[in-house]
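Work the whole structure out from these sequences, hints included.
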Amino acid sequence: MIEMSNGWGGRVLRASAVLFSVGFLLAGCGAGQESAKNSSEAAAGGQDGGNNVVNVYNWGEYIDPEVIDLFQEETGIKVVYDMFETNEEMYPVIEAGGVVYDAVCPSDYMVEKMIQNGLLQEPDMSKIPNLKEIGKEFMELSALFDPGNRYAIPYTMGTVGIIYNEGMLDEMGVPYPTKWADLWDERLEGEILMQDSVRDAFMVALKKDGHSMNTTDDKELDMARDELIRQKPLVQAYVIDQVRDKMIGGEAAVGVIYSGEILYIQEAVADTDMRISYVVPEEGTNLWVDCWVIPKNAKNKENAEKWIDFLCRPDIAKMNFDYITYTTPNTGAMELLDPEYRENEAVFPDMEKVLEKGEVYHYLGAEDDAKYNDRWKTVKMN
Amino acid sequence: MKKIISNAYLFTVILFLYAPILVLIALSFNDSKSRAHWGGFTLRWYMSMLQDRDILSALRTTLLIALLSALLATILGTMAAIAIQNMRAFPRSVILGITNIPMLNADIVTGISMMLCFIAFRISLGFQTILIAHITFNIPYVILSVMPKLRQASQVNYEAALDLGATPLQAFFKVVLPDIMPGVLSGFLLAFTMSLDDFIVTHFTRGAGINTISTLVYSEVRRGIKPSMYSLSTVIFAVVFIVLLISNFAPGAKKARGAGA
Amino acid sequence: MKSKGTRYLALPYIVWMCGFIVIPLLLVLYYGLTDRSGTFTFDNVRKIMLAENFRPLYLAMGLSAVSTLLCFLIAFPLALILRSRKVGKGSFVAFLFILPMWMNSLLRILAWQTLLERKGVINGILSSLHLPEQHLINTPAAIVLGMVYDFLPFMILPIYNTLIKIDDNTINAAYDLGAGFRETLLRIILPLSVPGIVSGVTMVFVPTLTTFAISNMLGGGKVFLIGNVIEQEFMLNSNWNLGSGLSLILMVFIIMSMALLSRYDNGEDAIL
Chain A
59 MIEMSNGWGG RVLRASAVLF SVGFLLAGCG AGQESAKNSS EAAAGGQDGG
109 NNVVNVYNWG EYIDPEVIDL FQEETGIKVV YDMFETNEEM YPVIEAGGVV
159 YDAVCPSDYM VEKMIQNGLL QEPDMSKIPN LKEIGKEFME LSALFDPGNR
209 YAIPYTMGTV GIIYNEGMLD EMGVPYPTKW ADLWDERLEG EILMQDSVRD
259 AFMVALKKDG HSMNTTDDKE LDMARDELIR QKPLVQAYVI DQVRDKMIGG
309 EAAVGVIYSG EILYIQEAVA DTDMRISYVV PEEGTNLWVD CWVIPKNAKN
359 KENAEKWIDF LCRPDIAKMN FDYITYTTPN TGAMELLDPE YRENEAVFPD
409 MEKVLEKGEV YHYLGAEDDA KYNDRWKTVK MN
Chain B
2 MKKIISNAYL FTVILFLYAP ILVLIALSFN DSKSRAHWGG FTLRWYMSML
52 QDRDILSALR TTLLIALLSA LLATILGTMA AIAIQNMRAF PRSVILGITN
102 IPMLNADIVT GISMMLCFIA FRISLGFQTI LIAHITFNIP YVILSVMPKL
152 RQASQVNYEA ALDLGATPLQ AFFKVVLPDI MPGVLSGFLL AFTMSLDDFI
202 VTHFTRGAGI NTISTLVYSE VRRGIKPSMY SLSTVIFAVV FIVLLISNFA
252 PGAKKARGAG A
Chain C
4 MKSKGTRYLA LPYIVWMCGF IVIPLLLVLY YGLTDRSGTF TFDNVRKIML
54 AENFRPLYLA MGLSAVSTLL CFLIAFPLAL ILRSRKVGKG SFVAFLFILP
104 MWMNSLLRIL AWQTLLERKG VINGILSSLH LPEQHLINTP AAIVLGMVYD
154 FLPFMILPIY NTLIKIDDNT INAAYDLGAG FRETLLRIIL PLSVPGIVSG
204 VTMVFVPTLT TFAISNMLGG GKVFLIGNVI EQEFMLNSNW NLGSGLSLIL
254 MVFIIMSMAL LSRYDNGEDA IL
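Protein chains in written order, with my numbering: chain A, 59 to 440; chain B, 2 to 262; chain C, 4 to 275.
Only part of the chain A face toward chain B is listed, based on derived beta-carbon distances under 7 Å:
1) 118
2) 138
3) 139
4) 140
5) 154
6) 156
7) 157
8) 299
9) 300
10) 303
With a cut-off of at most 25 Å between alpha-carbon atoms, the simulated BS3-like pairs for lysine-lysine come out as follows:
11) A:185 <-> A:376
12) A:277 <-> C:50
13) C:92 <-> B:150
14) C:168 <-> B:3
15) B:150 <-> C:168
16) B:227 <-> C:122
17) C:92 <-> B:4
18) C:50 <-> A:429
19) C:89 <-> B:4
20) B:3 <-> C:89
Since the hints were made in silico from the structure, they are not lab data.
Nothing here was measured: the structure is a model prediction, and the numbers come from that model.
We put the CB at the ideal spot given by N, CA and C, even for glycine.
Right under this line is the structure:
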């Protein structure tokens with residue numbers, strides 16, 4: 059490298075001058091935008107405890123951006139918004155406390171883990187009057203991992219299932235999948251998109267063989283690991299959010315996906331001759347709930363409560379549903395919806411039917427978590 | 002014959018280096034979401050890039066970090082280089098040894114070690130930690146580009162200036178600095194580029210709601226590629242190309258051009 | 004040596020260095036040699052012997068060795084041609100080969116993703132020519148391609164820099180003394196370009212050995228390298244102890260290979 063700079067000699071001077079001016083130009087452009095408020099806030103030190111802000115940590119593309127603007131307008135509270143991609147990625151960030159958030163949106167088992175490890179504080183539910191909009195059955199579901207509903211406020215929910223491209227399967231002469239075991243069909247080589255997260259990947263293999271997705275039994279886990287290794291040659295890629303774009307782009311024939319994505323995908327391919335469907339596998343599946351919680355070290359608890367309450371308002375919940383198309387537990391919002399949506403089983407499944415064989419993930423403790431993690435690494439390295 | 006083969010070889014390597022970039026540029030103007038078909042010319046991906054607040058704030062952060070970290074690293078590094086030059090052999094080799102570490106070490110280890118350090122000292126991860134990290138891996142580049150110039154610069158002039166009544170500070174700015182300026186500038190530029198291009202260290206030291214272009218691209222790609230990413234690539238390539246072209250071949254660089262084939 | 008005061012100019016840097024180079028590395032050492040409860044242990048380091056950690060290291064070493072070799076095989080003839088054409092440092096041709104270095108490396112990987120995907124550009128072209136689609140992405144080969152593409156300029160530049168410094172007279176003398184092209188190449192040019200090769204190899208081998216981004220973007224999560232293991236231990240499994248232990252091994256390995264490499268290099272500005 060040094061060679062290079064010396065070699066390029068005196069020209070460096072002029073180059074640096076140009077680079078400078080370009081830098082200022084671009085920086086100036088950014089500053090002119092309304093959006094610069096956000097970034098300059100971040101630039102000024104990332105986070106702010108003192109001012110009127112709420113630091114939000116949410117999944118990628120999991121909110122209508124207009125909702126953030128509306129919240130800022132109505133309350134005057136600034137939203138510093140950050141995103142994560144998996145629960146596992148979010149957890150160490152909160153645990154380490156290197157970054158302090160006021161409102162976070164983890165899934166069920168992660169809520170349980172955070173409660174058990176003392177990372178959460180109880181919101182003052184009286185400050186969240188719109189909580190009454192959340193359907194009773196969903197509060198009961200949430201009580202499975204948050205006993206007494208003390209910490210978590212459900213935001214979205216859904217199932218995990220198989221998405222498939224009918225045209226591609228027809229062409230290959232493979233019947234449409236109805237069960238997890240169909241993901242081990244050798245005719246589907248290179249056509250399968252699996253979830254790149256430990257629990258979801260193991261859930262598929264465990265459920266296929268009729269085991270619980272919360273098992274800590276070494277034999278069952280070994281079996282699941284071996285099944286995943288056996289499946290690996292058939293898998294095109296282990297991805298998370300990319301399943302959506304890859305299905306729309308016709309990159310793969312089948313994929314494991316969260317039910318919430320199906321509406322978006324079907325709308326995206328509505329004008330084409332592509333037919334994409336979603337099925338909840340026979341063996342039973344995971345029923346998940348993503349919830350808002352407040353970390354123990356939050357600096358703006360009241361703002362976080364206002365934020366959560368705002369998201370529970372039926373009109374806001376509907377905006378979010380329209381944007382992210384994940385099932386909302388908000389009964390108020392459901393009434394505002396098109397009946398066409400309410401009848402879509404992928405979006406609003408028959409809860410009783412799904413609960414019959416379905417399960418919610420539970421937090422298993424550090425030791426049993428490691429059992430999953432180690433085996434997942436073995437799958438990956440093969 | 003030999004000439005044809007070698008021409009073909011040069012051309013093949015150039016094709017290998019530039020074809021992927023040209024494809025990105027073409028796709029940034031493609032009015033079809035499919036990557037395999039040309040759907041007509043459009044500028045809408047550029048419009049959506051300009052309206053994307055994530056991209057704009059990442060651009061701003063990247064440039065700000067690169068500029069600040071290069072500037073601070075240049076100041077710290079030049080000071081250090083002068084001091085090291087005047088040290089005895091032992092402390093000098095110790096310091097140079099440690100200076101080499103971030104350059105030799107894998108980025109992933111550098112990034113992780115700093116993340117552990119920031120968390121241990123309760124420095125909240127964000128803009129400031131990226132900046133500190135970038136300054137840290139930039140300083141060695143500055144020191145190593147300034148040191149050779151210092152060695153060439155004569156100590157005599159500096160002492161003469163002192164004898165003639167200049168304060169050390171005056172002597173430094175009037176005598177030493179002009180001598181070593183090329184080294185300082187190339188150190189600055191190197192630092193600036195290293196910072197612009199860094200992904201791994203930033204990945205481990207970044208915090209809430211803050212992205213550089215590299216970390217943004219990484220998370221966007223894992224989410225599915227948006228065409229506005231193609232526009233971003235095109236803009237960055239164009240800026241790099243033009244800046245380097247001007248700085249290399251603008252009038253005044255005739256000598257360099259004369260040496261060319 | 005007379006201006007003693009200037010020595011204190013190093014103070015800010017020394018403080019900085021201790022705070023942000025030495026202490027962080029000591030922290031890695033601390034975490035690497037303790038377990039969750041803070042008790043001293045060699046377990047984390049020893050775990051490199053487990054298949055799930057060793058195979059990714061082994062694979063990473065393999066892919067990065069292949070990439071480095073390919074980079075060298077492409078770069079050396081290129082630099083030779085540039086030299087024989089008397090392409091000077093400031094020329095446009097030399098500029099063309101080094102320019103991609105300045106473009107964001109992740110965006111360049113993105114370009115290959117776009118090309119290689121199943122419905123990507125290459126397969127698009129193939130199918131419009133009525134040729135069968137190829138399975139290109141998510142393979143070790145795709146990752147090697149990405150590595151070579153990303154780091155080729157870093158191999159070209161230092162080799163080219165040393166080659167153009169070789170005096171024409173030296174080479175002509177060899178020919179005059181009856182040496183053929185092969186002999187001149189092997190006995191004169193190659194030995195003289197060792198410093199450039201060494202720095203090129205370093206600049207390609209280390210980043211490719213430890214990458215996790217390239218393998219993630221072009222490997223579809225199917226190809227797992229040591230960089231991915233370490234990144235996952237820190238970012239997903241929050242097992243800092245194991246992550247640090249593996250990092251220690253990686254660090255020692257890199258420093259050892261550097262030391263080995265620099266023995267083949269006599270110049271002072273060896274590694275850079």
